[in-house]
Structures are given as C-alpha cells and as structure tokens.
Amino acid sequence: MNDDPHAGQPVSRAGPALSAARGAVILVHGRGSNPADMMGLARLVLPAEMAALAPRAAGSTWYPYSFMAPTDSNEPWLGSALGRIGALVAEIEAAGLPGERVAILGFSQGACLALEFAIRNPRRYGAVVALSGGLIGPEGTVWPDRGSLAGTPAFLGCSDVDFHIPLERVEASAALFRARGAEVDARIYPGMGHTVNEDEVARVRDLLSAIVAA
1 MNDDPHAGQP VSRAGPALSA ARGAVILVHG RGSNPADMMG LARLVLPAEM AALAPRAAGS
61 TWYPYSFMAP TDSNEPWLGS ALGRIGALVA EIEAAGLPGE RVAILGFSQG ACLALEFAIR
121 NPRRYGAVVA LSGGLIGPEG TVWPDRGSLA GTPAFLGCSD VDFHIPLERV EASAALFRAR
181 GAEVDARIYP GMGHTVNEDE VARVRDLLSA IVAA
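Residues in the sequence shown are numbered from 1 upward in steps of one, following our numbering.
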C-alpha cells in the first residue's frame, strides 16, 4: 500500500503569486469533489490581494471511511491528506507570509481536515473555516493538547439535520476550539442540509478580507 497516496497530486491556484499576496487560503474539497468546486467558492469570497491554493485528493477522496470511523481505518490516507495541507502551509510561509495570514478552509470532508489539521498543529492562523464538518475520530476520541490556537478566528457552519455531520460533533468541535484558544463563531442553520448558504459565504468573505487588511 502506498503510504502517501495524495503525494504528487496537483494544486490549483488563483489570485496573485504568493510572493505578491497579502494572504493565502488553502481550499480543501469534499469527498467526490475536486479543486474546481472550491475555486467556484473562492470566486465569491476571495479578496484581490489573496492567493488561493486548492489541492486535489487522489481518487477525489481524502480518506475512505466516515470521519467518525476508527482513525486507524482511514490511514494512510488521513495522514497523507494532513501532510498535503502542512506542505502547503510551509510553502506559503517560505514565500514570506506568516501563519496569521494563512486561512485553511474546507467543505464536508475537507472541513473535517481543516479542523483536524489545526487542532493537531495549533498556532495563530488567519482563519480556520469548516463548512459542514467536525473533528475527526470516533465517539470518545480525546484530542491531545498540543498547544494554543492563540486567538485564531474559527468559523464552523453546519445544518442541524446534516445527514453526514452529527450536530453533536460540530458543537463538540467548536467547544474544543474555544478551549484551545480560538475565537469561535459557530452557526447552526435549521433544516439546511449538506450545502453552503449565503450567510456562510458572507462570513467567509469577511474573514478573508480581514486577513489582507491587517
């Protein structure tokens, strides 16, 4: 088995070069999706001064089973996916943008990865955005305390009846992010389903605009 299945997959890019940008956002797509879908969202929220990087998952899936399945069952895909995000953060920083100008944004499976990456690699980020997602692991998972998120703005948006994402996991993820030092805005939308709404788009636009304005 390939122990790094997502290595070498392409990264779609939009906006200015990293060396000229005032911020960058990593856009992580969901299961069965692709970077083009995330770039469609980027067109609605991306400030002109911000670079966007959207990695592609091998086979359009970051990991094979539910995000609430036993964590080991999703390896090595999960570790490979988190590694791809880490490599992009390192690339952005190497271009001269500090962590507080880096946003990590995902939808669905990508939202789960955005939250999981941040809780495993805590620091001050420009923003962490989870649209219809929660932290990864089965019921009873304890996420080790690896440090503070140091005031990172974190936005979690989800339906109360999302058939993929239990409301209890969204609420638990928001609570843990608060406990780890993030400034959390969690919004639950009654009856919305598994999608993104206009309120979420507006909130993301504001978060990204604040990064480039700082």
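Please note that a few of the clues may not be correct.
Stated by the list, open to error - Quick list of simulated restraints, FRET-style, between CB atoms:
#, residue 1, residue 2, range
1, P190, E93, 33 to 43 Å
2, V142, E183, 18 to 28 Å
3, D199, N2, 39 to 49 Å
4, I188, P10, 31 to 41 Å
5, A17, D37, 15 to 25 Å
6, G40, A210, 34 to 44 Å
7, G140, R178, 12 to 22 Å
Hints listed in this document are in silico derivations from the structure and should not be mistaken for laboratory results.
Glycine is no exception: its CB is placed at the ideal position from the N, C-alpha and C atoms.
Verification of the supplied hints:
Evaluation of the 33 to 43 Å hint for P190 and E93 yields a pass: the beta carbon distance comes to about 40 Å. Checked against the hint of 18 to 28 Å, the pair V142 and E183 passes, with Cβ atoms roughly 23 Å apart. For the hinted restraint 39 to 49 Å between D199 and N2, the CB-CB distance of approximately 40 Å keeps it satisfied. As the Cβ distance of I188 to P10 is approximately 35 Å, the hint placing it in 31 to 41 Å holds.
Range check, A17 to D37: about 23 Å between beta-carbon atoms, so the 15 to 25 Å window is met. For the pair G40 and A210, the beta carbons lie near 22 Å from each other, so the given range of 34 to 44 Å is not met. The hinted range of 12 to 22 Å is satisfied by G140 and R178, whose Cβ atoms lie roughly 20 Å apart.
Of the numbered hints given earlier, the model fails hint 6 alone.
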